[in-house]
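Sequence order for the protein chains is W and B. Here my numbering is used: position 162 in the first sequence is 1354, and no number is missing along the way. Here my numbering is used: position 48 in the second sequence is 38, and no number is missing along the way.
One should not assume that every hint holds.
Said to hold, decoys possible - Which chain W residues face chain B? A few, computed with CB under 8 Å, are given here: (1) ASP1221; (2) LEU1226; (3) LEU1227; (4) ASP1231; (5) LEU1249.
Unchecked claim - Distance windows between CB atoms, simulated: (6) VAL1277/W with GLU25/B: 47 to 57 Å; (7) ASP44/B with PRO1458/W: 54 to 64 Å; (8) ARG85/B with VAL1277/W: 29 to 39 Å; (9) ASP32/B with LEU1259/W: 12 to 22 Å; (10) ASP32/B with GLU2035/W: 54 to 64 Å; (11) LEU1595/W with ARG64/B: 33 to 43 Å.
Quick caveat, the hints were computed from the structure, so don't treat them as lab data. Remember, predicted model here, so these are calculated numbers, not experimental data. All C-beta atoms, glycine included, are put in the ideal place defined by N, C-alpha and C.
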Amino acid sequence: MDQEKESYNPPEWAITFLYWFCKPELLEDLLGDLLEIFDRQCEASGKRQADIQFVWLVFRSFRWSALKNSKKLNPMLNTGINFKVAGRVLWRDKFNTALNTLGLSIGIICFVLMGLYVLQELRFDHFHSKKDRIYRAYLLEDYGGDRTFFNSVTPIRFEAFFEEHFPEIDQVVQYAPRNFPVRMSEQDWVDESVAIMSPEFFEVFDFELIDGDIEHPFNDRYNLIISQQYAEKYFRETNPIGRTLDLKLNNDIVPLTISALFKDCPATSSFQFDLAISNSLNDILYGKRARNNWFSVGPETYVLVNENASIATVSEKTQDVVMSYLGEEVKRDEYNIGFQPLTDIHLNPEIPAGIAPVSNPTYVYVLGLIGIVVLLVAGINYTTLSIGKSMKRTVEVGMRKVLGAQRSSLVGLYLSESLIISLISTAIGAVLAILLIPTFNRLTGVSLIYVFAWWHLIGFLLLAVVIGAFAGIYPAFILTNTKTMSVLQQSSTAGGKHWVRQGLVTFQFLVSVLLISSTLIMNRQISYLMEKDLGYNYEAVISIPLFGESEKGGFFNDYEAAKDNGELLWQKLEKHPEFSNLTITSHAFGSEGWAHLAFEDKNGDFRWFRMLGVDPYFAKAFDLTMVQGRNFEEGNTSDERQGILINETAADYFGLSEPIGKQWPGKEFGEHRIIGVVKDFHFSSLHQQIEPLIITQNIKPIFDGVSDVGFNDSPIPKILLKYTGSNLIEAQKMIEADWNATFPNRNMSFSFIEENIKRQYENEARLHKLISTATIIAILIASIGLLGLTVLVVNSREKEIGIRKIIGASPFQIFGLLARAFSWQLGLGIALSIPLTIWLMKEWLDGFAFRTSIGIDMFVASIIISAGIAFLVISFHAWKASRVNPVKNLRVE
Amino acid sequence: MNRESIGELEELVLLTVGSLADQAYAVLILDEIKEKTGRKIDVTAIHSVLRRLDAKGFVNSEMRGATKERGGRRKRYFTLSPAGRAILDETMSVRWELYQKLPKLTFSGI
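The shape of chain B in the complex, shown without the other chains (with noise of 0.2 Å):
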């Protein structure tokens, strides 16, 4: 297959994009996967990965919404591309279909 490839943390921010529909900007986008999953990452590794993401072509950004708090600065919104939610919907029939073979938990043993 002849495809983007996509990387762990790529997946985890697509996939946040995704959910949070048109409101998905990077500080919004730090916050939920640290509340997620609890993992340390800083926003200057999320701004790395969108870029890289739109480079690929899995996301499309406009910029809006002025707000007071950051000093009038617009924000760059995020929203899942038609290509995006096609690669996530390609991992994720992977994977589940390779869950579905885990063997069952069994406690015959006890």
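The following block holds chain W by itself, in its conformation from the complex (with noise of 0.2 Å):
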């Protein structure tokens, strides 16, 4: 080619590709005529745009009247006679088409929707714009021992800190919602979560501001954003923008001006607020100790990194600057700082939870590997059935290539098939699939959201492609292969290796008993969670969570307060016959996360206990069992004083054998005695084992002795009781005027904890009810493939069926004979998937403290099903079979 100066040379591949396609007597001027146009384009506008011309160009030429009449292109341009042809084949035969494109349908429909749910998992917070430069900080601290606090919530300061001497970040903002009573109405007031935010944050986060003060929604720190759905809620239909909405901060009644609205947090966002304060509030909302304080955490802090820097050198820097605020109270690489990409909080459980709860990464894997498996079944079905069925077609395959047909036009015939089934199969599929999210969602109870997208069409068309090529391409080739003189001799030998066929059929036996012990294993876990007894009684026990809100303001005056309006609420209450067993405490069972305190004990050794406060007729009211000493006193002083109760572990973990009388064994514990020590009970779920526990009337000697104190759950006192009455209902209202009666100007709520107890393992009940649906489908879809091979099986002894009748076998012989065919392909795939599901169950369990075990039984009953379901299948046709005059089968010649 012409090696002029100054010339370049388009795209080499394109010329390569105009070779291939174009037919050789047009393709000299053709190119020509491209280069001539190329090289006038790289005078113009440069070498890029010219290339992207080019390119475009050789794709515009590939038409019709350019094609080269080739061997390679001929199944291509042939594609119109083979789908012609195909679908005479498939109507021909319409009991295997529709079987097929039932079993590939209910396949696809399972690999959408679990697809659909995977991808939603992985793309979650993946709609911000910046979010390759968006990360959170979280701050580990470690003293060594047992002494670390790791949280991806972190101190107010490190807002200021960040800006202050990092300048390779941009942008520094906080997060953190708190809950606030809202004004509704003159006298009514709505606890709401809002969330206080850097006025910065709309700038670092892609969420729409549609009215107001767009630029600035954050111009006053009097200002307040509200989402489109709390517009609707406090406003109607009227324009929020300029109104005021009244917030109690800290005990003041504060009006906000509502300076912007925003789209309401989409579902898939690690955010979710409806209404946002800026943090310039802070000196309002915090005292100055928590904002100054390094070791007291509470906002999320997300920092937005400057493009031309990496978060690397921001992290190697912290320890340095870190040291040089906090040399003198910590040691050398006892508080880090790290900091987590945005997009990795959703599914990664090695950081602890900030606010947004974090999902099990394995269980979106699991559901992934699921929808692809069975999907993989699905196809099998295809490939096993035409496998089966060329036996019957070798004759044809024989004929055509006498004719002269070419092998790869051949395989271009019978891939159109699989392909024509597959894209029926596909659109079928794939709109039930959509159409099913709801029930999905219902049965399950995962929250799946499906917008339509353009490129979803591309990407089911290329699903379709891919399944029918996949199915396809085996028999295909199996068919084509065939000695053209041994088909017309009709010695059939053909028919593919048996070892591929049985393989597959026994990998889809697997597959079936594999996800039928799983199903019966998570079964069995689950319903021992549920029903294990977890050491007290709540059956029908509701929980009113208090309030409290006193004069002086702080943590111990606040309890109190609410103590005694659980005081009043009860004298209410108690005159009800249906309520029984009431009694306050600072948590409720079926909530993770009671009171986490911590102190060094007498040996230097820092310990972790869990405490909770309670009034004298709590262990009561749950029936639990005192192993040694006593329970509290009604009206013994000294009781509600200094008494505490210590459960079993606790006595256990702090080497207390003879505990009663004694004390906690820390320095700086207030005035307090042990009188009794109760029979240990599951107060968290069954993931954790049973910590240590302290059950206290008065809190405050235990807090005036610890060092640490964690809450995940809110310590201020509930009202429990026990209804015993029938009428859920009217329980709610007995409550409601009760409450209303007492406090006219906030609002109730109330849950049962026995749901609270369930809500702990929701997502195992998910997973398992994913499994489970995943199951039925995979059973099916096996069935429908076993179905369709013993109908092939039996087409092609008919007259061996005939001949044996005629000797005078019985149904139950041609029973067994059609049964031998897959006998041993059940047995492998079951032996087979034994290990695995034990292996695989094995894991699953060990997520939890307390476990049944994997019994013999269950993998038993998965066998029984299986073969079962084989069996009846088989059996249906043997009927059949057997069912039919033999002469008819034997005069077909």
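Each of the two chains sits in its own frame; use the hints to bring them together as a complex.
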């Protein structure tokens, strides 16, 4: 080619492509023209533009009239004819076609649903345009031993700290939701979660402001922004911009002006807020100590790293900068600041959850895998059925070959058959899957949202082509591999390698058995969790959270105020005979995160324990058993002031073999005395071991002696009571009436402890439901496949069966004949699935501190189920085959 | 009448081929049409039309004129065939006839 100076060449591959498809007699002048235009474009607008245009023109040249009549392209050029012929073949064998389409459609429904779910989980928080530069800071304090504190909520002062010391960081924003009473009407206050955020929040994250001051929503520190949903809730139809809403911030009523309206947060966002205020109000919301403290955590801190900097350089520097502040208080590498990418938050369980919950990535991958496996099973159906059918079609292939058909064009023909089936099935499957999303959500408890986009069509088309190609390629090659002569001589040796087909069938059995036994094992574990004796009686217990707002403020005063409020409500509630076992406690069962306290014991070891504040009625209300000592006595003021109960685990953990009368082994606790030991009960979920616990009426002396405190559940007291009636709505009405009579200006909430406990296993229950659904689908698909295969076996052995019947075979013997064809595959499938299931389920069960065992009975059950279904399908055909008049079969000639 | 029909773009290309005398090849035709009509078409469309016209026998073509410019490749030059000329004459006369019958613009209303 020309090697003039300054002359560029267009992309080589495009030219190669042109050579490949273009008729040689057209090539010279077409390429010449394209090059001429390319050179011209090069001069006009540069090489890049010219390249793009050249490639575009090459693709535009790919026209019917320019295509080469080559053997390579022949199958492609014959597409129209191929599809026509394939359509006829499929139409002729309607039964098989229907089975194939049905099986594939079901598989695709399952695959699409699981796939959408996995995609949604993986794409969580991905809608922010700067997502690759946004990181969340975490704080890992490691003082050796048990004394580590790992939080992804951070001190408030981190915002200023990062801004001041790290030029690599463009923006620092904090985010912390807190509950505040919001004025609904004159007298009516509602507790709402309000996000406290840095004013630059919307410059970092892509939440859409749609009305009001879009540029600077937090121009004034008394601004409030509101979501569309909440604007509707508070202002109905009217325009909320410029209106005011009263919030109670630390007992002061503060009117806030609504400056902007934003679109509701997408479901795939870790941030979920409906009201937000500026964190320039922090001086009202937090005390001075909290704002400057390095060791108390509250908001999440997000940083936006400069385009030219990397987060690694920031991380490296943190330790030095921290030491310049805290050098006297901590040693090097004890106070560590780290960063986690925004897109990593939703599925990384290694870093503790901040404000939004974290999903379990294993579940996501397992579900994705199940989707693929079910699709595989469905694809295998097609493959095995086609291979089976190929025996019947060898003559057809032979004839075509004799008449001069190329192998490639024959492959093209048979591939078109599988493509037609997969296109139809994908269309049916995808549409049904999308229609089934609400049902899927309801059945499994996930919240899948589907928004149609045009590129999905391309995705589905691609899926169909891939399935069609994979399912059809093997049968197509088997079919066309036959030696022409041997086919025409009728020495029927064709049909492909038997072991491949048998292997595929074995795989199907394996998957079915695996899924059935996994479902059974999960079922057992979940019912074990639900039915396990937790050590207390929680049936029909209602929990009503109280509120405490003391004049003086402060935790202890609020706590006491809430208790006093509880007494007021109590007097009303106890008049109903349906309510019994009333008690006031700081935490209720079914919530993780009871007060977590730590202190240094007499040996200098750091020790954690949990604490529950109660009244004297608590142990009796929940039927707790005393192992040693005694329960609190009603009216015993010494008990009320200084008596504590501990659980068995606490006695073991602190080595208190004779605990009665002794003290908790720390130095600085206030006056207290152990009066009794309660039998262990599961106050947190069964994922966790039972932890040491103190039960006390007076929380003050215990708080005095601890150095660290953590709450994941509000310790403000609740009234717990047992409802013995039968009408829950009636119970709700009674509680509401009493509440409104006592606290007319407050909203009430209540919950059933039983439901809260169930909710702790929500994830497991959801996984179980998803897998059960997949199991049913997989079984369905596998039986469809088996049905088809049996039909083929029956058909290919029509004469044999006919002759056997004439000689006097019973239907049972015919059944045996057919069953033998599949029995060893079933057996092998079962044998292989057992170790696989045991391994998988062990992994899953390891996530529970308390678990059931994997028993043989579950495998026996799943074998019976799968073998049962297999034999049911086979015997149906055996019955049918044995009913046919043998003369019919034998007269076929 | 039983004859090959001719499309609008085909007619335009055919006319251009005729008007360029023996200098007509795809890129030049493209430039000419762009200049005269301002229509945006790409060269592959011209090629495709020329192939159709060739198949219908309205144009003749020959390869000649290797230049350095196109990597030494020859160009395919097109000329109007008698059949092409005939069909152009025919379409033009039909058009002219009909055009003559248009009512003259009058301004009597104003």
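Violated hints - listed by number, lowest first: Hint 8 contradicted; others consistent.
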